[in-house]
Each structure stands twice: as structure tokens, then as C-alpha cells.
Amino acid sequence: MFSQVQVVSIAGSLFLLLLILELVRRGKLAERYSLLWIATGVVLLLLSIWRGGLHLVAKMLGIYYPPSALFLIGWIFVLLLILHFSVIVSRLSRRTRDLAQTVALLRQALEEKRSGEEDE
Amino acid sequence: MKEIVVLVPAYNEESTIAEVIAEIRSALPQAEVVVINDGSADRTGELARKARAVTIDLPFNLGIGAAMQTGYRYARAHGHSVAVQVDGDGQHVPAEIPRLLAPLAEGADLVIGSRFASGRTYRAPLSRRLGMLFFSRAVSLLTGKRFLDTTSGFRAANRKVIEFYSRHYPSDYPEPEAILLLSRAGFRVTEVPAVIRERGGGHSSITLLRGLYYMVKVSLALFMGRVRRPPRLEEE
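Residue numbers (numbering that gives the first Met the number 0), protein chains in the order written: chain A, 0 to 119; chain B, 0 to 235.
None of these hints come from the bench; they were simulated from the model.
Just so you know, these numbers come straight off a predicted model, no measurement behind them.
C-beta atoms are modelled at their ideal positions from N, C-alpha and C, and glycine is treated no differently.
Heads up, a few of these hints could be off.
Once the Cα atoms are required to be at most 25 angstroms apart in a straight line, the calculated PhoX-like pairs of lysine-lysine come out as [unchecked claim]: (1) B/K49 with B/K1; (2) B/K159 with B/K144; (3) A/K112 with B/K144; (4) B/K159 with B/K1; (5) B/K1 with A/K112; (6) B/K49 with B/K144.
Simulated restraints on C-beta separations [claimed, not checked]: (7) A/A29 with B/F222: 50 to 58 angstroms; (8) B/R209 with A/V42: 35 to 43 angstroms; (9) B/F133 with A/V42: 55 to 63 angstroms.
Modelling step: build the complete structure from the supplied sequences, incorporating the hints.
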């Protein structure tokens, strides 16, 4: 039967997965950014349910206590997510910079046009 | 149309900006003066307008690199053939600008006014001087060409560089990286001696702790700039 730690991890990963899907449904999380999150939730859920798989992974990695392997895998996914966001943040700040420059240049051009019209 | 544009990045420089503009005017009456007000909280923008400089107000502080690039984008759009960079804090001497312009006529693409090329000693704290030496050595090593003052922001660029910089300009502490970028893309970068004043007002943006961050960040940027394929002007 399910052990206590297994029940907790199944419930936890199921909650995470449902939360992600609900956020996507409400449009609060864009589909393109939700994919890695969904993958995280699915992998955690599968390994929580399928004990054999988790044991196999733990054995391969030389981890004595299989739920620790679950933590490790979760941690790796979280790391990937953070890296993914850092890439996105970098892109957004580059775009913000370009937009700020463009706004400033347009405002200057407008100001010049207006003062030119006043002079006439 | 004015051929030469003087780009003055300014962040909270109300105590010096008017004087800097006036000095540029008297040294180079034929040039257009453009102040890029980098989200100043003081009266920098207002005073620059009062001095009748073209004033571009960035909506928030973007840092010297992005402010400089705004100036290059302006110069590109307005068809200027030469752009000169002069800091808004009064440390650069506008009377020295003609010395920067001379090598442009002889085929240089970017000319740097160097504090050290004159053989004169530049007075600054030891940590600052060591940092400057470090970058000069690093850029010299990476470009295979000897540079003495890679952190100087007193520069003159021709039209080709204006077009290049309006598309590619490094952020944060851009000066050493901006040289590497040009050099890697095949531009000719030269140095001429220039007198740099003690700061007229404001503070250096670089404190000791930020100096360390600056060293690490620029070193990484320089290394990446060296290993990555250089951008080409023709690509766009």
C-alpha cells in the first residue's frame, strides 16, 4: 500500500499540477511559460505514484532513501525553471531598454516639432 | 544640418551640465549638443533645455551604456557623420575635442581620449588606477592591440561606428567592451592623449564594492565578447 511519505508526495505534486493548470486556464500563466512547470509536476507525480521507478532512479544514483531522489529531481527541475526565467528576464530587460530609448527619442522629436510649430 | 554631434550622457548632473554645454559650444560652435538625461531626479533635463541643448529624457535610469546608445540612435537617425562623447560631469575638456577629431580624418573609426597616452600621471585612488590598468591590459590582450585607457568615456566616432553602436552597444559599464566589440568587428580604434579634469561635481559612479562587481562583470563580458562571433554591420 501507499506509505505515508508517498501519500504526501502524491498529494503535493497533484496539488502543484492542478494549480498550474488552473493558472493557465485563468490566463494568469501563459501557455509557453507553463510547459516546463507542467513537465515538473508530471514527473514528480509519476515518480510519487510509481514506486518502482523512483527506487530504480535512487539505486542508479546511489541514494539510500528513495524519497530523497524525489527531492533531488524536484530540485533539478526548479533550477531549470529559474534558469529559464533568468533567460526571459534578460530578454525582457533588453526589450524594455529598446522601448525606453525609442520612447525618449520619439518624445524629443515631438517636442522639437511642437516648438517648431510655435515659432511659425 | 550639423555634421558633428556631441553626445552628453547625464545622470543627476545639475551642478555641471550648463557649464559643460557652454564649454562645448565655445570649443565647437559648429556642433549640435545632445544631452541624454538618464532618468535624473534633479534639474539636469530642465537646465539642459534652458541651455538650448537637444535634450532626450529617458523615462527611467537605464545606465550609461543604454544612455550612450540612445545618443548614437539619435545621431544615426539625424544623419550626423561624427559623434563625440563627452561626460556630463565636467571631467572631459571640450577644448580637447579637436584632438579627437584629427585621427578620424586620417581613417580611424573610433578615437579615444586617453588619460595616459600623454605620459602625464592621472591622479586617482590606487584601486581605481589598478582597475583601469587591469582593463587596459585585458582589452589589449584580447584585441592584440595596445590600449592605455580603455575606461575613458571621452571618444569620437565616425558614421560607420554611429551605425554600428546604434545597434550594438554594451550595457552597465560599457567602455572597455565597446572597444573590444569594434575591434572584433574590424573597425580601426586609436588613442590620442587628452587632458582629463578632476571631477567638476557629482560622484564617480564607481565605489570600491561596485568596483569589484564592475571588474568581474566586465571581465566576463570581455571574455564572452572574445569567444562569441563578432556582430557585423552588414548583417542587418
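Outcome of the hint check:
no.: 1; hint: B/K49 with B/K1; result: holds, 20 angstroms
no.: 2; hint: B/K159 with B/K144; result: holds, 20 angstroms
no.: 3; hint: A/K112 with B/K144; result: violated, 45 angstroms
no.: 4; hint: B/K159 with B/K1; result: holds, 17 angstroms
no.: 5; hint: B/K1 with A/K112; result: holds, 18 angstroms
no.: 6; hint: B/K49 with B/K144; result: violated, 43 angstroms
no.: 7; hint: A/A29 with B/F222: 50 to 58 angstroms; result: violated, 34 angstroms
no.: 8; hint: B/R209 with A/V42: 35 to 43 angstroms; result: holds, 41 angstroms
no.: 9; hint: B/F133 with A/V42: 55 to 63 angstroms; result: violated, 46 angstroms
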